[in-house]
Structures are given as structure tokens and as C-alpha cells.
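J.: Chain A is fixed; fit chains B, C, D and E onto it per the hints.
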Amino acid sequence: MQNEGKQKIWKDYQKEIADDHYFYVRSCIRQNFFPGSEQTFLKILRAELNKDIFENPHHTTCSGIGYHSDIVPFDTIQTIVARQFALMTEAGYRNLAVSCITSFGIYNEIIETWKEFPNELEKIRNYLKKATGREFKIPQNVSHASDIIYKFREDIFARKKYSLTNHETGKPLKIVEHIGCHYAKMFPGKGVGGAEFPHVLVGMIESWGGEVIDYPERRHCCGFGFRQYLVMSNRGYSISNSKKKFESMEPYRPDAIASNCPGCPMFLDRWQYVIEEMEGKTYGQNGRGIPVLTYEEMAGLVLGYDPWDMGMQMHQTDVEPLLDKMGIEYNPDLKYAGKDGKQIGQVKMAGCKC
Amino acid sequence: METTSFIWPFTIGLLFITSFLVVIISIWITSLSRIDKSRIVHSIFTRKSLMAIGEVFMESLLHRKIFRKNRMLGYMHMSLAFGWFLLIIVGHIEAWNYYHSFSVPAYKAIFFPYFVPASASTNSGKVLAASMDIILLFILSGVLLAYYKRLNSKLFGMKKTTKLKAGDRIALSSLWLIFPLRFLAESVSAGIHHNGSFLSQPCGQIFASLIPLQSIEAPVWWAYSCSLGLFFMALPVSRYMHIPVEVVLIFLRNYGIRVKKRIGGFSRIQVYSCSRCGICLDSCQMTHAAIKDTQSVYVLKHIRNRNLTDEKLFNCLLCGRCQPDCPVGLELNNLRITQRIESTKEYNSSYEYLKNGKVAISPQTEVIYFAGCMTHLTPSIIKSMKEIFKVANVKYWFMDEDKTACCGRPLMQVGQYGAAGKLIDHNLERILASGAKKLVVSCPICYKVFNEDYSMSGIRVQHHSEYLLELMAENRLPVNKMPLKVIYHDPCELGRGSGIYHQPRLLLDEYVELISVKNEKESAFCCGGSLANIKIHMNERNQIRDKAMDEYLSYQPEMLATACPLCKKTFAKSNNLPVHDIAEIVYMAIHKNKIMNPEEQKFMEKSKIGL
Amino acid sequence: MKDFGYTVIKQRTIDYDQFDGRLLSDVLRMEPSFKTCLSCGGCTATCSANDLVSFNIRRINLSLRRGETYELESEIQKCMLCGKCMLVCPRGINIRNVIMLIKKSILKYKSVQL
Amino acid sequence: MKHIVIIGGGIAGMESACALTDAGHWVTLIEKEAQLGGKLNQWSFLFPDFTPAEKIKDTLFDKCQERDFSILLKTEVKSVQTHQKKFNIETFGGQKLEADAVVVSSGYELFDARRKEEYGYKIYDHVITSADLEKLLRPGSDLSVAAGKNPKRIAFVHCVGSRDEKSGNHYCSKVCCITGVKQAIELKKRLPEAEIFCFYMDLRMYGKHFEELYREAQEKFDIQFIRGRLSEAAEKMDKSLLIKAEDTLSGRPLKMNVDLLVLLVGMEAGKGTATAAAKCSIEYEDSGFLKTNDTFLFSNFSSQEGIFLAGSCTAPMSVNDTILHARSAAMEVNSWLRKQ
Amino acid sequence: MQLYEQLTQDIRFEEGLNSCMNCGICTAICPAAEFYDYDPRMIAGIVQSKDESQIEELLKSDAIWYCGECMSCKTRCPRGNCTGLIIMALRSLSQELGFFTESEKGRQQLVIKRVIGENIVYRGYCILPENLIPELHPEQGPVGEWIFENRKEVYKRVDANYCGEGTGALRKIPKESLDEIYQIFEITGGFERFDQIEHFSKLKARSMGFSDVDEEFTDYINHTYTTNNGKHNRP
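Protein chains in written order, with our numbering: chain A, 1 to 354; chain B, 1 to 611; chain C, 1 to 114; chain D, 1 to 340; chain E, 1 to 235.
Bear in mind the hints are in silico, worked out from the structure with no lab data behind them.
All C-beta atoms, glycine included, are put in the ideal place defined by N, C-alpha and C.
Where hints are given, some of them may not hold.
[What the hints assert, rightly or not] Each pair of labels, with its calculated beta carbon distance range: (1) C:Q18 <-> A:K137: 34 to 44 Å; (2) A:M1 <-> E:E56: 48 to 58 Å; (3) C:G41 <-> B:K261: 29 to 39 Å; (4) C:R91 <-> E:D51: 47 to 57 Å; (5) E:K172 <-> A:G327: 38 to 48 Å.
[Claimed, not checked] Short derived list, chain A residues pointing at chain C, Cβ under 8 Å: (6) P57; (7) M232; (8) S240; (9) V274; (10) M278.
So here's chain A without its partners, still in its complex pose:
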């Protein structure tokens, strides 16, 4: 593999990322599966980078999952998005920091639609006014949360406690990245590094001492497919797509998978468990699964945050192999413990713990 082509691409696709004063919008999926990651993001921005990031309890879902499973009409989602913009405008912010890739894609799609069809914008302004009495301005800057971490990756590394290296051998850890489809596939210019070779996670991983593995199915969708996962009888689609990715990455023996998408890390995590249940197959080393991380978790680990504080116990596929390689100190006994240190309920291992 040569670098010349990638360098050109990364140079061609550099997007503008606001450097402070963000209006944060959360993700419905992430808050269910990785609520700790969102908290970690806020902590990094506020505590480590001293940034101003505003949260408003009134913002709701962007309704993107409904929109992409086609039960929410385009006008409706545009107006819901316009309402988020109104909240941002009212709070005096111009920069949107988006936790969710689906939302990120939707914000971009809608803003682009309004650019192309000004009548549509007027129509939505009227709808919003009529429904809520609110008015809004289009954000100056829409960045995905991973864009912001990417922007400050060197600052984060300056405060590192660990790096993405094997603490025993000193060798970089091999990490495969998975970018959410709606990050840049629709609008390559809206993503750091474009659609084909996004730099957003690569930049983080490389800055933090890891090695990025480019495997053949890197660009392939995790298989969420909205309605394809939401309905049980369609889930064969979802698992099959993830499986295709695992098969493709397996020969490279990756130490971890990192993702910037809400759904993907959950799917890549859970489908490893299902495949082991169904076929007895594991893709990681020593018969265990490949740990799957959100970029915030990855950043948190580098900064030395406690994995259980970040919610890494909510992964089905064990993250311990990665923690051990990085030489991170953690208390295994507290994995399933509550704030008070007492065990919460009982995890039924059901014979499988990837």
C-alpha cells in the first residue's frame, strides 16, 4: 500500500470544524447502548479541552430512524430538525455538535435541500412557526462529535495516560475503523477525508500510537439498514452484512474495531455474539471476539478514564483483551457493579462470552 494517493485525498477533503461553542445534540441509539460515550465526550470537551458545549433538555430525537424506515414524511423530519435549529438559535449558538451519524446525515441532507430548493426552506419555516411559534437560523457549522475529537486529537494525546500500543512489545495496536455510512457517503465533502478514505478515525488512531488496518470490506455498511434490523424477520440482512465484514477483517488479526457511528459499534459487538451462538465462530484472538470501541471510549482509554465509568461493561464482546494489551489498570470485580460498588443483578453468561 502506498501513501501518496491517500495524502492527496486527505488534503482534498479537509472540512471546517468549529473550535468552540457547540450546541450538543444527542443520539437516541447511542444513549441506549453507549450513554457513557456521550458523557465521556462532554467530559473530554469540558474537562480536558476547556470547551463550551451547551446542552438543552428540550431537544428531541431528529426522528431519523423513523424517517429512514419511511414512517416519517420528509416535511415532518425537516420541521423537527428546524426545531432543533431553533433551540440552538435561541440559545445563541451557531455550531452544531452532533452525536449521531444518522442525525449528522440528516442535518446535512436537509441543509443541502434548502440550499437547492429555497421554497422548501420557506415552507418549513412556516410549518415550524405554525406548530411551535419558533424561528431559526441555519447553523454555521455542523460537525460530528468525532470531527471535534479529530480536530483536537493532538491536544488529547498531549494529556494521554496510555497509547494505542501494546504495552509489552511497544508495537502499535492494529485497529480497524468503521465509519458510519451517513457520515460522508452522501456528501463526501462533509466528512474529514471524504467518503472513500475518511481520515476522521484514522487520524485519531495514528495520532494515538495505533496502526490502522485497511481491509477489503472496510467501506461496507454494518447492516443496520433501519427497517432491516428493526423487524425481527429482516435481521438476517443485518447479521449477514456484519459477518461479511468480520470475515474480511479476520485475516489481519485486528486488536480492536473503532467506530464513529451510533448503531455500528453495537451491531459489530452484538453480532459477534450471535455468530458465535449460531456457528461457533469467533473472529478475535484466543477464541475471543474483537473488542469494539466508540471513538469516545478510545479517547477515554488514552486519557486514562476508567473503562467501567465509560460504560464499557455494556459491551457484549469483552473489551478486556484490549485493556490488557494497552496495559490499562482496571478492577474486574467492579465491572458489573453500581455506583455504590455493589453488583447490579446477574449477567447470565449463557455459555458465551465472546
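T.: Leaving out everything else, chains B, C, D and E in the frame of chain A:
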């Protein structure tokens, strides 16, 4: 009774070949179908056997058919076959006459001059000896011709001869030696014993003046006996097997036995009856495309040797041109189809989809018109037929106007009889449901199969050339003779395939000036487009077509008429003569009467895209 | 084993690396004209069988080249060998021979599991 | 005697210079490179008959040598000013020329395949362009890929940078189809064991003998043509490439591993032509190629009187078409000058 | 109005289809084309043909419901088309006309409306921890089950504000905000879409012989949630 050891090669050979023939012919005859066996039983003591004897005499001995084709070649074959036959008969008469007994062993008759040196002393002996010399001279003249034919076959009107294999070479060499050695042996004996006649005696004298004959008498008779023995021994592995088997064939054929769809005793007999004379090579148009190893003679040879490949078996137009020329009268097309059936018997499709009722229900009608797949590629024929039906005020059902199964003939031509049967059943059901009395067909390929393989009693199948002739006879078609010189090309399936030569000509005579050509009717060319050949390449087809076209062009016609959409399409592609189907010519005449001004007429007549 | 209510789906993608070319090379060796197919579809347009049943003779070439032997075997049974395709083919491909060759070759390889 | 300045010393420039000299004019040919011949220098063999490019170049070169006109190598035009029906041309070297007419033959540039990111040119080791392959096709060159082995399976991708909104080029580059067929045949001759595939959308065999060559590629060289635009290439561990396309005629996605991927790069007007257009103040089209007065009768006329166009600065062209276009340019210049 | 014309009213259709040249680049990387008998190129081909009967067939077929809306097709199309957007327009029209109930996959819209749709309007989120019932989501595994059963404590452990007031993950969306969402649905046709889905599903459920249509509707919903006829990918 005096005896000498040289008789053994001959005697052993004779015993071997006699028992071999008895065994193999019995096997073949036992493997005939029950019906065929009863045919033999019921015919054996009838006139049919006499007819067969007559045919054996005319064909196996005198080679009448070859004579007709080429006198020199006929003479050669006759001198050898008939001469040898006479030699054996007269030799025996000589022996019987001398010993006054009919129970003389064969070798006594064959080697008579050796055993009875003084036979010429009686008058009858003299006559017989003279006859023997005449016969020998007759045969030797044939042998000389045969030698010469090997060097220069053109003299015999043959462009090609067959290639030989080992068994043939042994048999051929021994055959070529038999008569010169007989002549030598007889002359030597005559030189010693002063017997013989006008040929052997003087020759014996001359030999005697050159060498001491006593020392060579036994060796030359040995050589003669050996050549006979060798010939008999080589017979089963050589093409000369045809000599005895052909006789059986002629009898069975006269009893009404024909090649079936299955390989059996009779088809084996046919195969062994091939003399590999190679006459079929000359009539085969495949040679025009430089394809020289797939002709009937080779295919029959490969069948005998069990090494026939699909590449050869299927590389034949089945035009049937070779068949009338075959001196043995073999059913060459049928033999090939039998093999094709065998080769493809595992691949017959069931065409389940025909049962799903996608096809329209048959309306009630008197006349059905079936254009055929090929005709759908020449829409002008369909257009013409529609117009003709209209002009003649015929109510008809155009059966394959929209969706119809193929007639089945193309499948049959490649041996897929089982599959064809499914299509036939399907079409038959539709035809019968219409209550029609007449089925008019535009494609000779369909015509043949409708005629022969669809059991529809009460329904008359007519090719449109027959049908149009009939309409004309009833004065239902306008007649308008055009001043055009036209050659009629006989389609294979219509002409040789179905025997329809005259109807199209009678019809055309009313519309154009028909000129006749050398290769027409039975010997008409194939256009090269035949569906029966699945191996031939397009450029090879074109070469065959061009050769035929060249011959037609030499007559400077203004149009080529045919009665087959495939022939039309094939010839039309050569692009140097307007080619029209009979129906189109009738259509032109109708239109000329109706609407056209003289200039348009001129254009129509001269233009190859007249319609 | 746990029942999840769904299973992993087999890929529909043509995986060329799994392609067994024996049938193809057999047919092309015997009928090289078949190499020149342009996929123009003239054959399918004129096909008599296609009038009665969905039968895409153009796809025979593709099925053969993509190793879809199962599909090929059942599809090819539909052909009536009427010969129209051959006459309209702009490359003069001997399609009827191709059909017969495929029928034969499939049978030949079936015993050794294509 | 009239003086004509020709900008661009590729084959169009060379040919029109010769023709104008023969017509009795004084010609100055300006070329920015150190040698004449332009893009032809990069090519080894020409379609459709595999004529060595060298041969064409040498012939043209000899033709130039035999004629008396001035050639300015390593020279770039700085400005072109119109003054009383004359053109004042200044070069960066400070030379000043006065011309009665100008011929622009600034040629084309090859599409930069790095812009089709999904094919990984300059990222994956065994992805090359048709121009790279052309160099490899010189006799005696080494064709081996990973671990010194010859590629077993090779794929050609048609329409790279042509007919592609994403690359900004809506037009067809015309010559890539036949180039692909030509190169596939050459590769097959060198590597008879290799399997070769061409992924195409349409095969535009517009020229004399092109279709015949395509047929030969199928018939004699067993090159397989798959209708489907390549969607992406990805490198595997062994450096082979996993490529994906839809086999559109089967209606199914298709993937395969190849050892070498050749991108048939299209033609673009390029920088040279853009600067020429700017300096001469002549119009160009959306595609970037220079605008001709009309498509049929005045294809050598630019938007400005006295400035003529020759060759592939006006549209993608084959060598053959370029030479013809250059000759016709010379003829148009000549008749225009006579009328003056 | 003709179906094609109705499609052109959808802005996403206008964006998604310029003119397709059938190159197949979309199908080549389409995740759905890989696992379903689905070819986005052909979808574009059919709508481009403006053949009304084919478009109607499409609107009634499973084919339009296979797409996962990952939008990978958008990235590569040399004509700047996006089959994903065409699919969205087709799905909208199919629901408007009630054609969606003609296909197995289309009928699933009801269950999605019931879960996701109602979550959005009444809770302000698409997905809630309460939805992840282990029996319906066995793939969430033992950890998922543990989270589900102990959700209050687990979410508290990672500083989520589950069902709480104020900011934070999983917070309760204030009533006034939910009212605004309700109004937006009312005004922008969101409820109209919901009603169409309910209405046509009810008709279909009746014609399919489900009895509890007027009350709980659970049998039909369970049916659509779990049925897979296994004919969605060719061998």
C-alpha cells in the same frame, strides 16, 4: 485322389469366412424386430425373393447403378464382381464336367488347372478352358483399371476417393494379387502341361522359355492360394465385407425391411453393406466448404469401427444428395439420424411449460395456415400468404401468428425424437381441436414433419406451393406472366425429403419463365442453411451457398425462386440475385394487376427487395 | 443452539473466485464461435420458446461464464432448437450446437459434482 | 511570406507546421518540453494495428527535419496580443514574435486517476493506469507483480474519468475502449496464462478495424468483457485486489480477485490548453476543451479570428484523427491568409 | 394522476434520479443487492421507463423494502443519482396508496409505526431502553438482558439521566417539547402517514383473516414482525 498342401491357405480362409458370415448374419437377423422377422417369413417364398435375386444380379454383379453414373467405373466394378463370379461358376462347371460329379471339393474347382493338367483334351474341356481364359482376361482388364484408378481417379468421373485403413489395405492388396497370380499360376501350369487355352498356353510357352517352370509351379499356386486365403481372412475387417452383406441387404430390403429409429440388426447390415466406393463424396456439398471427413462413407466406417464422434455425426446437412447416388441404395440419412438419436437420447426435454395454458384456444376453421418459425424471419412470405388468402377468399386460422411451439422437425434432425414428440403432441392437440380439413404450411421443414409424424387422419397437409397450385386450378388466383428468367431452387425437405418437384414448377410456369439447370430436382443443391447441421460454421454455410449460387448465376437468371423461407434467407444473404418465395411471386402478380404502374412493376421485378 | 428468529443469508453475489471453468472451456473448445457473443439479445427477441415461457437465451452465455450451472441446466431444457436465434445472431454463433454441447457437458460433469 | 506561430509541439503541431511550410509560409513551432512529440512519447504501440508509436514519431520528426521552420523547445508562451490584424507573441524566455496567424495545438492531459478514489490509484500497489501499462508493454519489460510473479488475473476498467459526473467529465474520451482492447491483447500475448477481463459500460468501437480488433480479443485471445462499471477496488493481504461491479447483464453483483488492475484513463483538456485559451483569449467549453466555431464545417476555427485550433485541444482524439485535424487546420490557415 | 407524475412531486425523487445509464455501480456495492433478490439499477430503470404498470408492480412488491438506506449508492453514481432517495419516494407513495400491504416486507410498516413512530411522538425518542425486550431482541445477548433488567441502575452507573428531569442521556423529554412535536406531526402530515399505515394495514389484516383487528391487532403485528417466506434471495 492327389492333394497338395498349398490348398490349405485357401481352404482355411474359405471355412473361416463362411462360418464368420453365418454367425454374424444370424446375429443380425435374430436382432431384427418381431415384425421384421415375420416380414422375412412371409416374403421368403414369394416373388420378392426373385426380385431380390434379380437385383443382386443387376447391382451386386453387374453394378448397373455405377454404370449409369460412369461407364468406366461401372466396367471396372462389373469386370471384377461379375468376372469373378463367372470364374467361380465356370471353374466349378469345369470340375464337375471333368469329374462327372457335383460333389467336388471347392479347392478342386479353384485350383483345377493344377489338379487336372490334361483337361483340355476333351472338346467340352477346350470350350471351358477357353471360357476361363476369356473371363480371366475380362477380370484382368478390370484389375488394370483399378490400378490406374488409384493413380488417377478423375478418369472415372470421381473427384475424390475414400481413405483406406489397415484391414482395407490387406484386403485390397490381396484382391489385386488374386487375379494376376491366378493368371501366372494358370500360365505356368499350361506351360508345363500344355493345357489351358488361347491366353494361358502361349503365355506359359513364353514363361517356359525364360525360366524352368517345374521349380515355380508349386510356389505360384501357393501364392495364389495365399492371396485368396488372406483376402477371406481380411474380409471381416475390410470394406469388402460389403460383397456378402449386400446380398443379405438386398433380400431384406425387398422384404420391406427399413432402417428404424433405433440401432438394430438391419442398420448394422446397412453399415456393413457400404463398399466405401466413395461415390457419395462427390455429391456431398460439404466439400465445398472444405469439410472432407464427415461424409456418409466415413460416418458408416466410424459406426463400424465404433469411433464416431459428434463432431462428424452432426456435421451434415442431411440434404440427402448422397442417397440417390449410393450404388448399394443405403438409407444414408436414416442411418445418420439413428446414430443421432443414440447420441442424444439422454437430453430430451419435457417442455412442461407447454402445459401451462399460455397458448390461445383453437378456433373452429376449415383451413389452418402454419407459417413456421423460419417463415417468421421472412415476413414477406407471411404477408404474401395473407394477401393470397384474402384474394382467394379463404377463411383460415393463422395458427402460429402469435405464440406457437415449433413443429418438432429441427429437434428430430438432431435426433431428439423424444423431445419432438412433446411438441408434436402439443401442436396436434391444437390442430385437431380446430376441426380443420386442411393444413397449409409455408416451411418445408414443418411440412415434412406434419406430413409424416403427425397422426391426423382427415386433415390434408399441403405445402403452400401445392395449395397455391390448387387455388390456381380453381381459378381463384390471378395469373400474370412476368417476363423474368427464373431458376427454381428445390428445397431439400420439399424435394428429396417429400418428393414435391412438380407443383412448384407448374405454378411458376404460370408466372415467370422458368429455366432448368443441371442440378435440380433429385440432384438439386442444398442452400447450405440446413438446420440439420449443428456443427457447421456460418462462413462454411456461406461457402456452400456460394458454390450453389455460382452455378445458378452461370445461367444468368433474373431471379431465384424457392419455396422455403430458410433457402430464401440463405440465398438472399449472398446479395447477388433477387430471391423470392413462390408465394411472394404470386403476390407480385396480384399486385401488378391491382395497382402498379409500369415503372413500379419494373422496380418490383428487378428489385430483390420487391416486397 | 439459540433460535434468533433469523439466519445468516447466503450471498447472492457472483464470486468469480469460486468459478469452475470446466464446463465453459469444454463448450468453447467445441464451439469457439460462442466466445464472440456480444450480449445483444437478438436471440432472445426472436426466440420461439420465449413466446411461451420466460426463456432468455442470451443469458445462457452469462450463466455459463458465471458458473450458474444449476440455473443453466433447467433453463436450457426450454429450448426447442428451432434455429431462429442462429439466423439473427450478428456474430453468426452456432447457438444450437452450444445448446446441445451444454446439455451433454452438464451431464458429463454432474457425476463429478460441478 | 506570412508567419504562423504554432503553440504546442505534439503531433498536431508537428503535422500542421509541416503542412504550412509546404504551403509556403514561415512557421515557428513552440513547445514547452525539451522534445517534440507530446503525449505520443508516452505510448509504445498504437491501436488498432499495433504500429510502434516510435515509427509514427520518427516519421513526423524526419518530416520536420526535412522542412525549414523554426522550433522553439523548452519555451512557453507568456502572452498573445492582437494588434492590427497581427499577433504579438511573447515567451517567458523574452522572445517576441509577430505572427499573421496562430495555431493552438496544446493537446490534452490524461485524467489523474487519483481522483477516482475508490479505485485506489497510488494507494494500492497493483493499480495502474493505461499510461503506466503502456510503458510496461515495451518489449523486454518486467510485468511481474507481487513476489515477482506474473499476474494471473488482470482487469481493465473502462471510463475512468470519462462519462462521470463525479470526476467532472461528462463526455466520452473515445479512445479508451479501443486502448483497453489493444492493451488486453498485448498483455495476453505476453502472458498467455493470464485471464483478462474488461469492465465496460458500452464498447465504443467507432473506428476502422476497431470492432474487428474487439472480436479478435474475444475470439483469439479469450478476453472476457463484463458489462458493469467497477464500483470499488480494495487491497487484500496478499496485495491482490478485490474488485466489485455489477454484472449488469446477469443482474447480480460480482466480485473477483485480480492481481493487476488497469484503469483506462480518459482525456482532459488539461492545464496547457486552459492557459493557451486564457493567453489567446479564446473561448472554451464546459468540458474544458476549446470551443470550435461549429461542429461540422469550422472545427479548426477558434472564437477569435486568426487563431486556429488543431488536434485534441478541441476534443478527445486518436492519433489518426489528430493528424487529419492538424492537416485541415493548416489548410484553413492557408486559405484564410490568402483571403487577407 | 399518473404514478410517475406522483413520484416526481417528491423532492427526493427529483434529487435521486437524473438519468440512469445502467452501469450497475450502485448494485455492485449495495448491501441489499448482496443478500436480497434486489437490484437498485433495475429500480432506477423501471421508474425511468415511466411504465405505469411496472411502477405499480414495483410499489406493490417486496423489492422497494429491501433497501437499507445506507446511501452507499449515492457516493459512486457517475450520473449523481441516488437509488436510496428514489426508494424513499417509492416507499412514501406505496404507503400513500396502500400498496405497501401487498408485500410481506411492506406490511412491516405497521410494526415500525407502532414502535418507532409512537416513541417519537409520545416520548421524543426513536428507541427506548424499554423496547429492548430480550425475547424480541435475542441478539442483545446476556449483557443486553442484564442492562434491560437492571436498566435503572446500569444507566445510573454511567451517569445517564434515565427518565430524569433536565439534561443528559435518556432524560425525560419535557411535556411542552412533546406537545411541539405533536403539533409538528399534525401540521406536516406526519399523522396522516400514520393513519394511512393503520388504515391500510387494518384492511389487509381483515382480508388475511386476522380477527382481533378492531382491538389489539397483536396477531397481525406479530405475524408481520416474524414472518419470512424465505424467497427473498435467489440461490
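J.: If a hint holds in the structure, say so; if it doesn't, say that too.
T.: Checked hints:
1. C:Q18 <-> A:K137: 34 to 44 Å: violated, 56 Å
2. A:M1 <-> E:E56: 48 to 58 Å: holds, 49 Å
3. C:G41 <-> B:K261: 29 to 39 Å: holds, 37 Å
4. C:R91 <-> E:D51: 47 to 57 Å: The hint (47 to 57 Å, Cβ to Cβ) is violated, given that R91 (chain C) and D51 (chain E) are roughly 30 Å apart.
5. E:K172 <-> A:G327: 38 to 48 Å: holds, 41 Å
6. P57: violated, 37 Å
7. M232: M232 (chain A) check passes; min Cβ-Cβ to chain C is 5 Å, inside 8 Å.
8. S240: Status holds, d = 4 Å.
9. V274: holds, 6 Å
10. M278: holds, 7 Å
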